[in-house]
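Number of protein chains: 2
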Amino acid sequence: MRIAVLASGFGSNLQAIIDAIVKGLIDGRVGLVISDNNEAYALERARKNHIEAIYVDPGQCPGRENYDRKIVALLKEWDIDLVILAGFMRLLSPYFVGEFQNRIMNIHPSLLPAFPGLEGVKQAMDYGVKVSGCTVHFVDEGLDTGPVILQEAVPIYDDDTIETLHQRIHEVEHRLYPRAIQLFKEGKLRLEGRRCFIDER
Amino acid sequence: MRIAVLASGFGSNLQAIIDAIVKGLIDGRVGLVISDNNEAYALERARKNHIEAIYVDPGQCPGRENYDRKIVALLKEWDIDLVILAGFMRLLSPYFVGEFQNRIMNIHPSLLPAFPGLEGVKQAMDYGVKVSGCTVHFVDEGLDTGPVILQEAVPIYDDDTIETLHQRIHEVEHRLYPRAIQLFKEGKLRLEGRRCFIDER
Chain A
5 MRIAVLASGF
15 GSNLQAIIDA
25 IVKGLIDGRV
35 GLVISDNNEA
45 YALERARKNH
55 IEAIYVDPGQ
65 CPGRENYDRK
75 IVALLKEWDI
85 DLVILAGFMR
95 LLSPYFVGEF
105 QNRIMNIHPS
115 LLPAFPGLEG
125 VKQAMDYGVK
135 VSGCTVHFVD
145 EGLDTGPVIL
155 QEAVPIYDDD
165 TIETLHQRIH
175 EVEHRLYPRA
185 IQLFKEGKLR
195 LEGRRCFIDE
205 R
Chain B
5 MRIAVLASGF
15 GSNLQAIIDA
25 IVKGLIDGRV
35 GLVISDNNEA
45 YALERARKNH
55 IEAIYVDPGQ
65 CPGRENYDRK
75 IVALLKEWDI
85 DLVILAGFMR
95 LLSPYFVGEF
105 QNRIMNIHPS
115 LLPAFPGLEG
125 VKQAMDYGVK
135 VSGCTVHFVD
145 EGLDTGPVIL
155 QEAVPIYDDD
165 TIETLHQRIH
175 EVEHRLYPRA
185 IQLFKEGKLR
195 LEGRRCFIDE
205 R
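Protein chains in written order, with this note's numbering: chain A, 5 to 205; chain B, 5 to 205.
Hint data in this document are derived by calculation from the structure and do not stem from the laboratory.
Note that the coordinates shown come from a computational prediction; the quantities given were computed from them, not determined experimentally.
Hints may contain errors.
Derived DSS-like pairs: lysine-lysine, alpha-carbon spacing no greater than 30 Å straight-line [stated by the list, open to error]: (1) Lys52/B to Lys189/B; (2) Lys52/A to Lys189/A; (3) Lys126/A to Lys126/B; (4) Lys52/B to Lys74/B; (5) Lys80/B to Lys126/B; (6) Lys189/B to Lys80/B; (7) Lys192/A to Lys126/B; (8) Lys27/A to Lys52/A; (9) Lys192/B to Lys126/A.
Using the sequences and the hints given, assemble the complete structure.
If you want it as structure tokens, here you go:
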């Protein structure tokens, strides 16, 4: 299984995936890291791990689909099986989603459908919920609306700050994302409508 | 602490509250049960427990605020400190909410703000989430929008039906609601904006 990771920033989930591969928790490899941000530390992280790192400049491809065509061309050129969004700050076009139907995953720091979009952790704190968490889901054309693959709850304590809560959610993310990827690899994710069942046997 | 319970149906949470009082988990008593449905088993349950049970006919009080004025008059006549909604199928008017500001609680079978309104359990199953739960919250004028007091996550399994999931959520409800009521009694619920902190010490 050849994985591509798309990231706009720090790439901590990219690192978690690389680590999980080294530990044998994921039977696959990261073939390619793509960013829309030339300054993304994720690109540096990829290079340090001898992974091809490509910056695709949105300025050179005006329009979302134009940009996505360039990305999709790269993904096909590199023979990618699974596309992993890891802090990739762009909504995918229907074209991109259609080309990799049910082969694009995202992770989000809340229990979707609660608190989609930017700053999911801050949104949860501001609302005053007592339980948040994180969600791995297949990507569709919407903003964090695709079928849920895995979720895990994370409690919010009275003395939490956005930072302490984000830290605890990140720890769960780094465990959940590799697990979802390996379930995909093993062919255990079965979609019925928008429900995703896990065939453990 | 004199509690009024407003219920439209079976009243399983009313029973859980009565049981918690008998066990000494709530330092208070249910002084009054009110229903908008003359057939509600909650009324029968109240009578069996020697609690005053009053049916207030919505047909006799057209308009939401008219109806609520009748209820509020009863609550004041009975010297009620805390109003507990337990499957009460009416939205409260701003008048009602204003008369019992931060002294009305509701329980909802989802992790709000996800899946508010009717059939929260079915909504969660249909969406395909892996974690749902239940929420005790103060009631404001909105539909399940008030400040969250307590929440607890409940996992959803692949072989769950609406019934099995509802059953597991109910069990958590019957534990969570009495706890929220006793925290209120002990003056430990502190609101800052829409965040509710619990002063445990």
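Exercise for the section: Run the structure past the numbered hints and jot down the numbers of the failing ones, going up. Expected result: 5
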